[in-house]
Amino acid sequence: MTLMTRMELRRIFQQRLVYFFLALFVLAVIAYSGLLTTAELRPLVDADERILGGSYFPEFMLRFYSTNVGALFMAIITALYICEDRQAGLLVQPLLHGRTKKEVLDAKIGMLCLFSFVMVAAIALIVYIVSFFRWGGEMLTTPILAQSLSKYALVALSFLPLELFLILLACYAKQTVIVVGETFLFLMLFGFLNQEVPQAARFFPLYYPYEWVIKHEFRSLQLAEIWPGLLIFLLYSVLLYLLIVSRRNKITFDR
Amino acid sequence: MDTAISVRNLTKSYKNKPVVTDLNFEIEKGSILGLLGPNGAGKTTTLKMLTNLIGKTTGDILIDGISLESNPKQALRLVGASLDTPAFYNEFTAFENLAYIAKLHDQISREKLLALLELVGLSEETTKKVKHYSLGMKQRLALARALVHDPKLIILDEPANGLDPQGMRKLYQLIRTLAEQKVTFIISSHQLSDMEHLCTDVLILNKGKCLIHGKTKELIQSDNSLIQLAFCDQQKGRSWLRGLATVEILQESEADFSVWLKEISFDAFLKQLVTSGHVIQKLSIRQKSLEDRFIELTEGWD
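Chains as they are written, first to last, in this note's numbering: chain E, 24 to 278; chain P, 14 to 315.
Same shape as in the complex, but just chain P (with noise of 0.2 Å):
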């Protein structure tokens, strides 16, 4: 694997409280890491210690191979990143705040930095201070300024926050694009189902503790503990459920109900479906998204 980012038992304590214990990920180059959790999970924690904005209590951070401990200056040209609400000098034009930030490295020709302003749909509003800008015009010059330098690696916390759904639609199109040209991303957000159609990978924290982290589609698929299930005597079949202590009803109606097979597998649950006698009108694997994998794993947690 061409690993653009490798992450090795990360963990970050305050005052002998860890905040994020022993985190372990790599991801290929060219890949959309999707880095979800509730509020209070760990992930801008996470991104600040990626960005070296804070320190780490113990663990490795190699980006492309250098570590940002023993090689911070090296390993930061490899990564742009926008964390929290986008932050500009807001006297400055747009421009301006995109020249000021391209001082701080070599050789960056204005034509390169009016080619990001268009890039990201601002060419028009070069010369507006951006103290008059919308938050969704930040947003999208936040990630002009990200990639001034050509990172490799890109960290983005929230960055649809304040987008219009096309200005969505625009931003997750221009990551997809360069994600094919092999820059590698990481996004928090809490926009899971965007998230479960943008992200390669997917990486949930919570409580500081990464629970998941896998291809995407992958999570969603392996998954075939939710069924739909009808019965031609629905009273009937709703007994004989309730009878199972190794399922729950998640949801019924008149028609079906949706099942949890919390401790039985598909193929045991369907055995004892057959030997129950029970006529079956409709029997499907529900497909679980992100989301459904987000709540189930976040809340069992507890």
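Chain E extracted, bound-state conformation (with noise of 0.2 Å):
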């Protein structure tokens, strides 16, 4: 990881926005778990047919991030640390000490698809520990845990297309109002499309969390529903961030 990275890591740990997010995520999630509810009501949550009982809880509570939330929730983050650094006139400093936009964008693209990752491993700490609190040690039986985990990691690597479309988006789009409500139209646009023409929309890196997290809910998922998904990141990841550098030259920094 390089020097500027780090710095920009760093810097994101101090976010407010971000300890917030997760507060409420904790709320939500001790809400649906039912954790302070009554002796008496427990038993009527746990009958919850979309829970599952606790063996597939963390499973269930993975649908609330992988989609629509955690396109927005980094869509926000990311405009914070593109578009209001370069208003503030943030993003030329690295280049006022010798740094040159590579080094700038790099450091940019690393922290941000590294905390895409770290956001999705925190929603699957709160939410074991949350069961863990709820359940005891059922959801941690070796296949369960096998796949809701393999779940949460294939979540995890589906934010690495999103955020570098994400990047890409707030280098153009001078606002962080402009990415946040392009990221939304986009994301009303996709739902549209895999509504409508679920065929069309298999070739977009949205379709395949929901495919795994919502669709095949609550059962372990074969190599032949995976592969293609992978593949659309990777193919999409490699385009995006293509399209970034061969425009990097031609992005304001400047406010």
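Because the hints were derived from the structure by calculation, they are not lab data.
Ideal Cβ placement from N, Cα and C applies to all residues, glycine included.
Where hints are given, some of them may not hold.
Simulated DEER-style distance windows between Cβ atoms [to be verified]: (1) P/Thr16 to E/Thr123: 22 to 32 Å; (2) P/Gln264 to E/Arg270: 51 to 61 Å; (3) E/Gln37 to P/Gln120: 24 to 34 Å; (4) E/Ala176 to P/Gln120: 32 to 42 Å; (5) P/Tyr27 to E/Val92: 40 to 50 Å; (6) P/Ile308 to E/Phe43: 49 to 59 Å; (7) E/Thr164 to P/Glu124: 54 to 64 Å; (8) E/Val92 to P/Arg123: 39 to 49 Å; (9) P/Ile308 to E/Met211: 52 to 62 Å; (10) E/Gln38 to P/Arg123: 22 to 32 Å.
Put the complex together from the two separate chains, hints included.
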């Protein structure tokens, strides 16, 4: 990891918004798990078909982050660290100290991609801890644990092309509100495509977390269901990175 | 001349519209160059080209003999800059902001950063988050940041913005001290009277073109076209002056006239005055300020 990426990561962990979002997620997980409900109400929560008791609770909670919420949260963070930095005149500071646009953008890409993985890991940690306090070690039995952890890992990978797309968007759109607004529109458009023309939706990375986490919820995935998604992620990631690189010198760093 | 920066035929155009045209200048090490000009003159574009933030259309920039185009990293190691309103990581303290930038360079000690904060008068505010700083404090911190890697050339855009008179005095004193140590400065500012006293050299830009460049003292002293004149008979004197097409009365009072010799030399005017037979009570050459020269040059341009 480069020095600049480390410095950027240090900055992001000072961002209050991250902790605020995680705190909201903790509250949501506690509410869904029924951890703080009365003993009389708990069997009702356990009987909820969507949760399927404690074993599949971590997998169930993943649906709340894997699609729209995670994408919008990362859009805000990306816009904050690119658009807001540019507006504040911070993007040019490393350039004034002999660093290149490539180094600055690579540091941002490295930091944001790593951070998107860290967020999935943090979500997993929260969900497993709450589950443990609510149901004990039920979700830790080997096949169930492997199944849910593999889905968390796949979701983390799905953030790679998404994050690169958001970085490209933020490089061109000068304001946070535009990046978040365009991401929202893009998600709506994809939702429509996914419902109306699912065959076409398969060519987009966003299709796969939906497929793995929501459509095939609570069952293990076959290799044949995984590799097309991984291939699409790789293809899009390479394509988007090359697009960022090819446009790098035309991107305005100045406010 | 031991040249700190050499700019040759520097031009910048946006969509074939020139913003800076054929700019040429050299500055000696330890000089303080005031880059002056009205709004939209091309000052900021020039500063951004000198710091490689924007590319030039044509021309060369050599910093201590190193080409900014072919060796940008090496050339920029010699440059410290603070452009626009100073920008900082607001959630960090002053010390952390400096440390962040210091990490981009090799081996800059904690002691050095603390010394820099002391130099700009922020030693008691090192642990305060920058978001609580006033604009004046940010200006001083920006200067400290520009000095982090011991640059030989410092480029400052409106460094006195937001500073109180004491702050300005301290800043100018600091600039002079560093210039004595052979650090070269390029300062863009609208504070013309301050620039007159601070800068050893001046370059005035208008509409992207260099109107004048030279030593500040020479630019001010070289001009004797502005005179103060008083006649024994002011009435007759006024009529005589008004009859001359080569001069213009800029100001007149009961006591005297301020006259601009616009198309006649001082010697030729003096000859005319003597032959006119008027009795003169007072005649003096009025020293032009930098502001006078600036207004004269930039207004006359159109």
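Q.
To test your reading of the hints: which numbers does this structure violate?
A. none
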